[in-house]
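**Student:** Go ahead and model the full structure; you've got the sequences and the hints to work with.
Just so we're aligned: the sequence shown equals residues -31 to -1, 1 to 332 in mature numbering (1 follows the signal peptide of the UniProt record, and there is no 0).
I should point out that these hints are in silico values taken from the structure, not numbers from a laboratory. Incorrect hints may appear among the rest.
Taking CB as the label site, the calculated pair distances span [what the hints assert, rightly or not]: (1) Ile221 / Asp8: 43 to 53 Å; (2) Ala69 / Pro212: 17 to 27 Å; (3) Asp79 / Pro220: 39 to 49 Å; (4) Asp8 / Thr56: 29 to 39 Å; (5) Pro140 / Asp8: 53 to 63 Å; (6) Val232 / Pro190: 50 to 60 Å; (7) Thr95 / Pro140: 28 to 38 Å; (8) Ala153 / Ser115: 24 to 34 Å; (9) Asn185 / Pro140: 12 to 22 Å; (10) Ala197 / Gly61: 18 to 28 Å; (11) Ala86 / Gly228: 35 to 45 Å.
Idealized CB from N, CA, C, for every residue including glycine.
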Amino acid sequence: MAAAARQARPAAGAAALLALAVCLLPAVARAQLRVGFYDTTCPNAEALVRQAVAAAFARDAGIAAGLIRLHFHDCFVRGCDGSVLLTVNPGGGQTERDAAPNNPSLRGFDVIDAAKAAVERSCPRTVSCADIVAFAARDSISLTGSVSYQVPAGRRDGRVSNASETVDLPPPSSTAKNLTDLFAAKNLSVEDMVVLSGAHTVGRSFCNSFVGRVWNQTATPPAAIVDAGLSPSYAALLRALCPSNTTQATPITTAMDPGTPNVLDNNYYKLLPRGMGLFFSDNQLRVDPRMAALVGSFAANETLWKEKFAAAMVKMGRIQVQTGTCGEVRLNCSVVNPTSSSSSSIELPSSAPAVDEDAIATS
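**Tutor:** See below:
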């Protein structure tokens, strides 16, 4: 019996290593995502998520922008695995959710929880939180921009969330090179980056993300400035809104697109040449010649941008996904499952390769 047990242990270890190796293959994981993934196991999953999003949108139209951003922030850190939703990291330390790029600005967690509760009542232990986030982003895009697209599903939830890994998120102070490099690390192109930046046409931003463009806070006393590429009149409006002593804790916000803040349209691209890109990173899109050409194209053709935006969202939604026996299906989106509930779950390391660009569906 003892000898048999000793022989079984190496076999089990080899099986676990093989399973981990499979999890690390992006092509394998990508292939397991498919439209209609829950058609037989939970056929009303997407409808239930859509209802939760629509109910939240009826109360607050701004929640749609929050849910789109939530999906982006999830996918850019450890891949699209719902790690941004975790409030506790089993390994200890601060989670992504509490890191500076996400706290206090990231929102929509309550909508994801409501959608998960509805799905769990209908189909227990079946639909991942990561897929719910992807569905909710798609539904938010539909509500604000009348853009429809299908979401390949089958993502599994991760069991790790580290605040330190939010360095993968492009800050509002990013240069054109920073943006290019951060998106390239996820195998997203310059065009993908410019297309996805158009999401800044909806939602609001805290003053701390752009105050350095209108106030020199290192001067004594702070001095009024107008950052390069910023319209003086727009700078004056922002300066009147945001005090010179603004910090991350300052609760004041402003619409990123003053004209149509709750409509997903191409107005963002029209504002950039007028010096009304709110962030330093926004202005970089008109400074870089490659990016400026794309900005001009999307400003002139909203239909083209919306088509490319839907395709880019699907592509982004495939970044470093966990599928099959990798990860888990969380019972509560804010905490990992108890060990006893996490059968056949394998966690990807943060250094897992990003999704490849080839053979990606854009339907």
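**Student:** Confirm or reject the claim that alanine 86 and glycine 228 have a C-beta distance inside 35 to 45 Å.
**Tutor:** Since the Cβ atoms of alanine 86 and glycine 228 sit about 36 Å apart, the hinted range of 35 to 45 Å holds.
**Student:** Given a hint of 17 to 27 Å, does the C-beta separation of alanine 69 and proline 212 actually sit inside it?
**Tutor:** holds (20 Å)
**Student:** Is the hinted range of 18 to 28 Å satisfied by the C-beta distance from alanine 197 to glycine 61?
**Tutor:** violated (43 Å)
**Student:** Mind checking the hinted window 50 to 60 Å against the Cβ distance between valine 232 and proline 190?
**Tutor:** violated (39 Å)
**Student:** With 28 to 38 Å as the target window, see if threonine 95 and proline 140 comply at their CB atoms.
**Tutor:** 37 Å Cβ-Cβ, so the 28 to 38 Å window holds.
**Student:** Do alanine 153 and serine 115 keep their Cβ atoms within the hinted range of 24 to 34 Å?
**Tutor:** At roughly 31 Å between Cβ atoms, serine 115 and alanine 153 fall inside 24 to 34 Å, so the hint holds.
**Student:** For the range 43 to 53 Å, tell me whether the beta carbons of isoleucine 221 and aspartate 8 fit it or not.
**Tutor:** Holds: the Cβ-Cβ distance is about 46 Å, inside 43 to 53 Å.
**Student:** For proline 140 and aspartate 8, compare the CB-CB distance with the range 53 to 63 Å and indicate the outcome.
**Tutor:** violated (40 Å)
**Student:** Hint says 39 to 49 Å; check whether the CB-CB distance for aspartate 79 and proline 220 agrees.
**Tutor:** Since the Cβ atoms of aspartate 79 and proline 220 sit about 18 Å apart, the hinted range of 39 to 49 Å is violated.
**Student:** Is the distance from the Cβ of asparagine 185 to the Cβ of proline 140 consistent with 12 to 22 Å?
**Tutor:** Holds, since asparagine 185 and proline 140 (Cβ atoms, about 19 Å apart) stay within the stated range.
**Student:** Taking the CB of aspartate 8 and the CB of threonine 56, does the distance hold inside 29 to 39 Å?
**Tutor:** holds (32 Å)
Hints 3, 5, 6, 10 from the list above are not met by this structure, while the remaining hints are.
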